[in-house]
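Undergrad: All chains should be built: construct the whole structure from the sequences, respecting the hints.
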Amino acid sequence: IEGRGLAEAKILSVWMILSVVLVLLPSVFRVSLGISHFYVKIVIKIFEWATLQIEEGEDLFPHAGIIQREETSMEEEIAGQHQGRFNLADVMYFSKKGCEAVAEDEVTQRFSSEELVSWNLLSRTNANFHRVSWQLTLVWVIGILIRYCLLMPFRAKCWLGNQVQLICATLGVRCVSGLVHFHNRENRPREGGICVANHTSPLDVLILASDGCYSLVGQAHGGLMGLIQKSCMQTTQHVLFDRSELEDRHLVRKKEHIADKAKLPILIFPEGTCINNTSVMMFKKGSFEVGGTIHPVAIKYDPRFGDAFWNSTKYSMMTYVFNVMTSWAIVCNVWYLPPMVKEEEEDAVHFANRVRAVIAARGGMSVLPWDGGLKRKKVKESFKEEQQKKYCQIVTENGSVGNGSVC
Amino acid sequence: MGSAHSVPAEMRELADRTGFTSEQIEHLHRRFKQLSRDQLTIRKENFDSIPDLEFNPIRGKIVHAFFDKRNLRPESDGLADEINFEDFLTIMSYFRPIEMNMDEEQLDRFRKEKLKFLFHMYDSDHDGKITLQEYRNVVEELLSGNPHLEKESARSIADGAMMEAASICVGQMGPDQVYEGITFEDFLKMWQGIDIETKMHVRFLNMETIAHCY
Numbered sequence: 001i002e003g004r005g006l007a008e009a010k011i012l013s014v015w016m017i018l019s020v021v022l023v024l025l026p027s028v029f030r031v032s033l034g035i036s037h038f039y040v041k042i043v044i045k046i047f048e049w050a051t052l053q054i055e056e057g058e059d060l061f062p063h064a065g066i067i068q069r070e071e072t073s074m075e076e077e078i079a080g081q082h083q084g085r086f087n088l089a090d091v092m093y094f095s096k097k098g099c100e101a102v103a104e105d106e107v108t109q110r111f112s113s114e115e116l117v118s119w120n121l122l123s124r125t126n127a128n129f130h131r132v133s134w135q136l137t138l139v140w141v142i143g144i145l146i147r148y149c150l151l152m153p154f155r156a157k158c159w160l161g162n163q164v165q166l167i168c169a170t171l172g173v174r175c176v177s178g179l180v181h182f183h184n185r186e187n188r189p190r191e192g193g194i195c196v197a198n199h200t201s202p203l204d205v206l207i208l209a210s211d212g213c214y215s216l217v218g219q220a221h222g223g224l225m226g227l228i229q230k231s232c233m234q235t236t237q238h239v240l241f242d243r244s245e246l247e248d249r250h251l252v253r254k255k256e257h258i259a260d261k262a263k264l265p266i267l268i269f270p271e272g273t274c275i276n277n278t279s280v281m282m283f284k285k286g287s288f289e290v291g292g293t294i295h296p297v298a299i300k301y302d303p304r305f306g307d308a309f310w311n312s313t314k315y316s317m318m319t320y321v322f323n324v325m326t327s328w329a330i331v332c333n334v335w336y337l338p339p340m341v342k343e344e345e346e347d348a349v350h351f352a353n354r355v356r357a358v359i360a361a362r363g364g365m366s367v368l369p370w371d372g373g374l375k376r377k378k379v380k381e382s383f384k385e386e387q388q389k390k391y392c393q394i395v396t397e398n399g400s401v402g403n404g405s406v407c
Numbered sequence: 001m002g003s004a005h006s007v008p009a010e011m012r013e014l015a016d017r018t019g020f021t022s023e024q025i026e027h028l029h030r031r032f033k034q035l036s037r038d039q040l041t042i043r044k045e046n047f048d049s050i051p052d053l054e055f056n057p058i059r060g061k062i063v064h065a066f067f068d069k070r071n072l073r074p075e076s077d078g079l080a081d082e083i084n085f086e087d088f089l090t091i092m093s094y095f096r097p098i099e100m101n102m103d104e105e106q107l108d109r110f111r112k113e114k115l116k117f118l119f120h121m122y123d124s125d126h127d128g129k130i131t132l133q134e135y136r137n138v139v140e141e142l143l144s145g146n147p148h149l150e151k152e153s154a155r156s157i158a159d160g161a162m163m164e165a166a167s168i169c170v171g172q173m174g175p176d177q178v179y180e181g182i183t184f185e186d187f188l189k190m191w192q193g194i195d196i197e198t199k200m201h202v203r204f205l206n207m208e209t210i211a212h213c214y
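As given, the protein sequences belong to chains A and B, one line each in that order.
Counting in full-length UniProt numbering, the first sequence runs from 1 upward without gaps.
Counting in full-length UniProt numbering, the second sequence runs from 1 upward without gaps.
Do not rely on the hints blindly, as some may be mistaken.
[Stated by the list, open to error] So, partial list: chain A residues that the calculated Cβ filter (under 10 Å) puts toward chain B:
#1 L12
#2 W15
#3 A89
#4 D90
#5 K97
#6 E100
#7 A101
#8 E104
#9 A329
[Claimed, not checked] Have a look at the derived ranges for each label pair, beta carbon to beta carbon:
#10 B:D77 x A:D347: 50 to 58 Å
#11 A:R188 x B:K151: 54 to 62 Å
#12 A:H181 x B:M102: 41 to 49 Å
#13 B:K33 x A:R188: 43 to 51 Å
#14 A:R188 x B:K199: 50 to 58 Å
#15 B:K199 x A:N187: 45 to 53 Å
#16 A:D347 x B:D125: 44 to 52 Å
Think of the hints as simulated: they come from the structure by calculation, not from any bench.
We treat Cβ as the ideally placed atom computed from N, Cα and C, and that holds for glycine.
TA: This is how it looks when you write it as structure tokens:
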């Protein structure tokens, strides 16, 4: 029995030494051993093989939606057969549009995790990939064993990191097997600037923080996240607020922070909430009103390895953490874009849109005119009015009313 | 070997009645669950979570149409508070495109159903007639929310349209004749010769599942 105990102690000590050498030390000195790269390469090879298995002889699932929408715009469809009169057919057109919206809409699709065209051996995929070959199933089972038994406990130990922000963040990134490619590091934000990025998950913070020190502006969370936030607050300067609080208070605090040039650059996610990384939603103009230099950063995750998207209305923090820890890896690209400044005649909204376009273009994401707040609230009245104004113009333009233009 | 699971009987019945394929029904079911937040029924409030619908000027009428019992079952009337998935599918099926293999009678019935759906949208007090006021309501909704548009303009549009409808349905009216309202037969007359099939349908995609045989 003693012998066994000794052997176990030996294994344990080897394990500890390995983890120190392979994980802690490199993180402290911010050196990469290239192990992550190698691991990711292997994982890619496995996915390609898996996809090939499925692809053989079959059509891939072509369309995530159920409706093929008409390409014509409202003007063409209605005005075409108007003949200068208001027409019952218009009701038909709008009721059809209404039915399409009920069956499926662009925005809600953005708030559910991106459906993958191939299968990455995680459970989040098209519902139809449940018929697979036995080889694939075997690999999948092995994958589960590896992920749940080997990788997760390893990471769980690492999860409770230490105080120093950089080491902590780098460690954190290594722990979720994060492989981050930083591009254009010469554009990294300096003191006194505002760093602006698109938001997909709390990991965004970790990733950016591993490459530079930031002051965070964020939603105050309860629970585990709140504890982590509190411990961060003790070491560096951060600004925490509540989403529902008024705008002006934030503005004041931000201005104070920027004015003190000695402080760290502020990191802000202007979308206001996590988006699933296929598009960039409307930026809240608050951060852009403050003045100062804006350093845009584009973050794009590689969806093949794991879904970093956190739907806070659906999953709690713990569920999300569990999902992240049991995924293959988090691979992402971070592009530091050249700094931008608000021009004289520009208003905050226009500037925000300009920054957003640049970020979306770099990250290869689409730009939606929608507000991230839609995850929680309704559409603004002004959008609805725009559509109605447009319709009114078509109707009265064709001279039906006869008393001049009324729109 | 065909699909791995056999289609349950009620699914097949739904498919026959509404004309959707079982894959489309599955997809719509997922959408239904999304809208209802995993409940078994949907209420009017659930439609608030559809941003694309906010764009639509007759949003109120469309949502109302989902709960209008006249659309859900033949010979019934009134408003439902909540609808289940079957009702949801029934309303969606009004927007099905015509199929290649339909014969004359089926086509005619199909067309009548779509027009009846439209008619119910206009006839908000359920009395079987579209009165001038109801017509005005529809026009105002379509043009509403616009601060620059005078109420008078909306009215005159509606009145003009109503007069045209009267002339089609009743012919020349005497000076003291009052046009009660558009009945469903008149409504059908107005639409004679106009092709609605291309206007009032939504292209639901036919999705093949990927079947493996090993």
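Undergrad: Work down the list of hints and note, for each, if the structure agrees.
TA: Here is what the structure says about each hint:
no.	hint	result
1	L12	violated, 44 Å
2	W15	violated, 40 Å
3	A89	holds, 6 Å
4	D90	holds, 7 Å
5	K97	holds, 6 Å
6	E100	holds, 5 Å
7	A101	holds, 4 Å
8	E104	holds, 6 Å
9	A329	violated, 27 Å
10	B:D77 x A:D347: 50 to 58 Å	holds, 53 Å
11	A:R188 x B:K151: 54 to 62 Å	holds, 59 Å
12	A:H181 x B:M102: 41 to 49 Å	violated, 56 Å
13	B:K33 x A:R188: 43 to 51 Å	holds, 45 Å
14	A:R188 x B:K199: 50 to 58 Å	holds, 55 Å
15	B:K199 x A:N187: 45 to 53 Å	holds, 52 Å
16	A:D347 x B:D125: 44 to 52 Å	holds, 47 Å
Comparing the model with each numbered hint stated earlier shows that hints 1, 2, 9 and 12 do not hold.
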